[in-house]
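J.: One-letter residues, chain by chain:
2 protein chains.
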Amino acid sequence: MTAEFARTSQTKMNRKPARGAYDEETIHAILDDAIFCQVAFIVDGRPFVIPSNFGRIDNTIYLHGAKASRLMKAIASGEAICIGVTHLDGLVLARSLFSHSVNYRSAVLFGHGRLVTELAEQMEALKAVTDQLLPGRWDEARKPSQKEIDSTAIVAFEIEEASAKSRQGGVLDEPEDMELPVWAGVVEMAQIPMKILPESGLPESVEIAPSVAKWFGNAVGH
Amino acid sequence: MTAEFARTSQTKMNRKPARGAYDEETIHAILDDAIFCQVAFIVDGRPFVIPSNFGRIDNTIYLHGAKASRLMKAIASGEAICIGVTHLDGLVLARSLFSHSVNYRSAVLFGHGRLVTELAEQMEALKAVTDQLLPGRWDEARKPSQKEIDSTAIVAFEIEEASAKSRQGGVLDEPEDMELPVWAGVVEMAQIPMKILPESGLPESVEIAPSVAKWFGNAVGH
Chain A
1 MTAEFARTSQ
11 TKMNRKPARG
21 AYDEETIHAI
31 LDDAIFCQVA
41 FIVDGRPFVI
51 PSNFGRIDNT
61 IYLHGAKASR
71 LMKAIASGEA
81 ICIGVTHLDG
91 LVLARSLFSH
101 SVNYRSAVLF
111 GHGRLVTELA
121 EQMEALKAVT
131 DQLLPGRWDE
141 ARKPSQKEID
151 STAIVAFEIE
161 EASAKSRQGG
171 VLDEPEDMEL
181 PVWAGVVEMA
191 QIPMKILPES
201 GLPESVEIAP
211 SVAKWFGNAV
221 GH
Chain B
1 MTAEFARTSQ
11 TKMNRKPARG
21 AYDEETIHAI
31 LDDAIFCQVA
41 FIVDGRPFVI
51 PSNFGRIDNT
61 IYLHGAKASR
71 LMKAIASGEA
81 ICIGVTHLDG
91 LVLARSLFSH
101 SVNYRSAVLF
111 GHGRLVTELA
121 EQMEALKAVT
131 DQLLPGRWDE
141 ARKPSQKEID
151 STAIVAFEIE
161 EASAKSRQGG
171 VLDEPEDMEL
181 PVWAGVVEMA
191 QIPMKILPES
201 GLPESVEIAP
211 SVAKWFGNAV
221 GH
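Note that the protein sequences, when read in sequence, are chains A and B.
Heads up: the first sequence begins at 1 in our numbering, then just goes up one per residue.
Heads up: the second sequence begins at 1 in our numbering, then just goes up one per residue.
There may be inaccurate statements among the hints.
As the list makes no split between identical chains, a pair holds if one copy fits it or if it spans any two.
To be verified - Straight line, CA to CA, 20 angstroms or less: simulated EDC-like cross-link-like pairs of lysine to aspartate or glutamate:
#, residue 1, residue 2
1, Lys143, Glu174
2, Lys16, Glu121
3, Lys12, Asp44
4, Lys143, Glu121
5, Lys143, Asp177
6, Lys147, Glu118
Treat the hints as calculated values from the structure; they're not laboratory data.
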C-alpha cells in the first residue's frame with residue numbers, strides 16, 4: 001500500500017471521482033514524466049500561471065530561476081502555491097461532438113514554498129532539475145560554480161495536498177449514436193524527441209552524450 | 001502592423017525582455033498551436049491551476065465543462081483569471097549545467113470570464129473548442145442537441161492583457177566553457193500524433209474522417 005494524500009476541500013473531485021487518484025505513486029509518476037510544470041500564485045490579489053522546469057525529490061518540488069522573477073519571489077514568499085502538470089495522451093473522437101474528449105494524465109499540487117539557502121540542498125535541487133530535463137545529464141556537464149549558484153534563486157515547494165486525474169481508453173458514445181455513419185476513434189499523442197542538433201563548434205573528439213544517446217535508443221539519427 | 005496588448009504591471013517582463021512579445025499575431029499563433037491550456041483562478045484566497053480544452057475566436061477564449069466543476073464556476077463568476085499555454089520545443093544541453101535551458105513558446109493571458117447563455121454563441125463556442133482539438137471535426141460528427149448544451153457549462157474569457165515569451169536557437173555557453181570535452185546540442189521536441197486507433201464497432205462503410213486523415217498527411221498508417 002502506498003502513501004496517500006488526504007482528500008481535502010481543495011483536492012476532492014466534484015466531478016467524475018472515478019478518474020481521480022490521491023496516492024503518491026500515481027502522482028509521482030505523472031510528475032516524473034514531465035519536462036515542465038505550471039505554477040499558479042497570487043500577486044496583488046490576482047492569479048498568475050507561469051511555466052517552469054522543475055525537479056522532484058520525494059514530496060519536494062525544486063525550481064530555480066532569476067532572483068528578480070515574479071515566480072521565484074512568489075514561491076520564496078511562502079504564500080500558498082498550486083502546481084499543475086498535464087500530459088496529453090490522445091484525442092478521443094466520438095460519433096457525437098458532445099462525447100468528444102481527450103486522454104490525459106494530470107496532477108495538481110498544493111503547498112507552500114521557501115528559498116533554499118544551504119549549499120548542499122542547492123546542489124541536490126539543481127541535480128534534480130537537470131535530471132528531470134534529461135536523466136543522467138548532471139554527471140556529464142560542468143557543475144555549477146559558487147558564483148553561478150549565488151546568482152540564481154533556488155526554491156523548494158512542499159507537496160502538502162495533491163490529486164491526480166486521468167482519462168484513458170476509447171470512445172464512449174451514447175447508445176443511440178452507435179449506428180451513425182461517423183468515423184470514431186482515438187488518436188494517440190505524445191511529446192517526443194524529434195531531432196538531435198549538435199552544436200557546430202564541437203571538437204571531433206567529443207562523442208554524443210550517453211544521456212542523449214540512451215534516450216533515443218538505437219534509432220538515434222544525429 | 002498588428003495590434004498589441006498593453007505592457008502592464010502584470011505582463012511586463014522583468015527578466016530577459018528580448019524574449020517577450022505583446023502582439024496579437026504572436027500570441028494568437030501560440031494559442032492556436034495548443035490542444036489544451038492551464039487556467040489559474042482563486043478560491044477562498046488560494047490559487048488553483050486546472051488544465052482544460054479551449055477554443056479561440058478573436059480575443060475570446062471559450063471553454064466548457066461540468067456545471068459543478070470549480071473551473072467553470074470560477075470562470076463564470078467574473079473574477080480575475082489567468083490562462084497559460086506552453087509549448088516545449090527543445091532541450092538545450094550546454095557544456096555547463098548552468099547554461100542548460102529549454103526552447104519553448106508560452107503565452108500568458110489575463111482577463112475575466114462570463115457564462116455564455118445565448119444559443120448562437122454557445123454553438124460558436126463549441127465549434128471553436130472542437131476545431132481547436134482537431135480542425136474540421138465539427139463538420140463531421142453529430143451536432144450537440146439542446147439537451148446536451150443545457151447540461152454543460154459554456155464560458156467565455158476575454159483577453160484583456162497578454163504576453164508571449166519564447167526561447168529558440170542553440171546553446172549559449174560561456175566563452176571559458178567552449179573547449180570543455182562535453183557534448184552540447186539541442187534536442188528538438190514536439191507533441192505529435194503517434195497512432196490512430198479506430199473504434200472496433202465501426203461499420204465497414206465508414207471511412208476514416210478527413211480531419212484525421214488530413215492531419216496525418218500521406219503517411220497515415222491506420
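J.: So which hints don't hold here, by number, going up?
T.: Hint 2 contradicted; others consistent.
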